[in-house]
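Take the given structure of chain A and dock chain B to it, following the hints.
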Amino acid sequence: MNTRERFLETMLNFSSDKATMKWEFGYWGETINKWYKEGLKENERPQLSDEITTPTASLYSTAWNSNNKYVDENELPSGIAVTGGGLYNPTQGFPLDNDVREYFNMDKSQKLLNLNLLFQPMFKPEVLEETEEELKYKDVDGVTRIYLKESATIPSGWEWPIKDKESWEKLKSERLSFENIRSRLPENWGEVVEEYNDRDYPLALGGYPQGYFGTLAHLMGYEELFISYYDNPDLLHDILKTFTDLWIAVYSEVLADIDVDLFHFWEDMSFGSGSMISKEHIREFMLPYYKKMTDFLKTNGVDLIFIDTDGDCMDIIPLFIEGGITGMYPFEVNCGMDIVKVREKYPDLVMMGGIPKSEIAKGKSKIDEILKPVKKVLESGGYIPFGDHLIPPEVDFENFKYYRRRLNDLIENS
Amino acid sequence: MRDYKDLSNAIITGKKNEAVELCNIFLDEGKSAEDIIKYGLVSGMDVIGQRFKADEIFVPEVLISARAMQESMDVVKPHLESDVSAEGKLLIGTVKGDLHDIGKNLVSMMFKGAGFEVIDIGVNIPAEKFAKKVEEHRPDLLGMSALLTTTLSEMRNVIEVLKEKKLRNKVNIIIGGAPVTNEFKEEIGADAYAPDGSRAVDAAKELLK
Chain A
0 MNTRERFLET MLNFSSDKAT MKWEFGYWGE TINKWYKEGL KENERPQLSD
50 EITTPTASLY STAWNSNNKY VDENELPSGI AVTGGGLYNP TQGFPLDNDV
100 REYFNMDKSQ KLLNLNLLFQ PMFKPEVLEE TEEELKYKDV DGVTRIYLKE
150 SATIPSGWEW PIKDKESWEK LKSERLSFEN IRSRLPENWG EVVEEYNDRD
200 YPLALGGYPQ GYFGTLAHLM GYEELFISYY DNPDLLHDIL KTFTDLWIAV
250 YSEVLADIDV DLFHFWEDMS FGSGSMISKE HIREFMLPYY KKMTDFLKTN
300 GVDLIFIDTD GDCMDIIPLF IEGGITGMYP FEVNCGMDIV KVREKYPDLV
350 MMGGIPKSEI AKGKSKIDEI LKPVKKVLES GGYIPFGDHL IPPEVDFENF
400 KYYRRRLNDL IENS
Chain B
0 MRDYKDLSNA IITGKKNEAV ELCNIFLDEG KSAEDIIKYG LVSGMDVIGQ
50 RFKADEIFVP EVLISARAMQ ESMDVVKPHL ESDVSAEGKL LIGTVKGDLH
100 DIGKNLVSMM FKGAGFEVID IGVNIPAEKF AKKVEEHRPD LLGMSALLTT
150 TLSEMRNVIE VLKEKKLRNK VNIIIGGAPV TNEFKEEIGA DAYAPDGSRA
200 VDAAKELLK
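So the sequences go chain by chain: A and B. So that you can map any letter, position 331 of the first sequence is 330 in numbering that gives the first Met the number 0, and since no number is skipped, the others follow by simple counting. So that you can map any letter, position 40 of the second sequence is 39 in numbering that gives the first Met the number 0, and since no number is skipped, the others follow by simple counting.
Same shape as in the complex, but just chain A:
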């Protein structure tokens, strides 16, 4: 069985006799820089792309590729993510890992179809102010961001394109046309179709920042969104309806030509104490759109539909299931998430993640301890174990080696 076949067998059919995916969600750039010095063999260093294609692939690329005296040309920006299979690629200008995968004989990464799911034409990246310390720029999604060069962390929003009804109407008329939907697909679509119809890895749709909380937060900023639930509910519904219809139009074109294996929503709507918004708001502003989108996807053969939401999301899992979701990740353990409890309570929900990433730094006995629940859930299938977010730099390569080899053994012998 190839990677794609094993992925589908494990996740759709809950087969536990087939080895599940050997993936990590990913690694911070600083982690990879450090591991190269600690013994990770360097054959193919993760490569940054400076090509601007779509907001899906090229968000933040302007920042990653800026002139940065703090980043050695042979090293990665410390705060960039390096995707490790569990986090799809391409996304957000993040490079794909090859060397960790090779070292531990892990599986090929899932791929994300590179489509324009936001504004078309996308905004032209524009540097507004630049010093040796900071870059302030307008990104391809119309968000003005600030990038701190020394820490080289993911750029933070400064000004958002949707400010009110007027700015939304302008964007809608200028950049959200439903005519010529195919212009949102890659220019070499014929070749893409040919490549993807002959693939041996899972292919995904959606991805960052597509979600019904996520997209709003991404294009409005969190505070404006929170206030708008009370001050501007009609505006929120219009944005949500417009994007749902647009996404369905784009995916209709794609799914006519390619069978897709899975779908990713991005929400990140929980924190350490639970959801940031109420169940009433989820019911009003998210569920109707989830239902419409998941109905469409399932009708078109996409049966694995995931939500990426950090933090403590236990209380809102039933709402997502009601909305048609079939899987979730990354189940952050230090926020109280427990994959064994989730599996017991929601046995049909497929899961990814669930291993407390920072604990790997604490050595062998701690690693043995955190892998115990993994073994239990692996036995019931429908699970891809990996760190519950990007592996942080405090995890040294020796500890990671022990952890990953133990985890690979569990996967192969489950």
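Don't read these hints as lab results, they were simulated from the structure.
Straight line, CA to CA, 27 Å or less: simulated DSSO-like cross-link-like pairs of lysine-lysine:
1) A/Lys135 with B/Lys128
2) A/Lys33 with B/Lys184
3) B/Lys52 with A/Lys278
4) A/Lys278 with B/Lys15
5) A/Lys164 with B/Lys15
6) B/Lys14 with A/Lys278
7) A/Lys164 with B/Lys14
8) A/Lys363 with B/Lys184
9) A/Lys148 with B/Lys132
10) A/Lys162 with B/Lys14
Leaving out everything else, chain B in the frame of chain A:
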């Protein structure tokens, strides 16, 4: 006849126009600004804190209440006869390398709502600047926030710099943010960790007892 309970309710439900109108009515009636703040505004935000902690309300509800509180304070503050004795003084910022401010802003709002004086020094604050501001403002509490795993270590740096400058024992330190845990608090020698703004206020009150 409207009373402080009506003002509290306007704060709890986030009705800013009603809250502002009631503040003006009470001032015209000759009620003291101190009483309006204590029995109308702070008592309303106290309920918000309790409900947030009990998962009865969520971030949007806290924000609209905090907005109603802030607009009401703008009306009432010029009428204060003396500085209201605050519950305590909080200096707060997001550590160097991190530009995220929503968590910090929510914590600030909760503290203001609970009657604390809050000095927000912003985001991406280097350790030296934290120390300088502690020296300058002499707060009872220092709040540090970080969203990113990669910037967590900055909290440790701040505490080290405070120690070097002999300021550590003069301020209580509360930390928070997505990757922060109680174990990390112990590791770096902070005084309290809180997973959200409401619990941070509780922790602060406990530290200042």
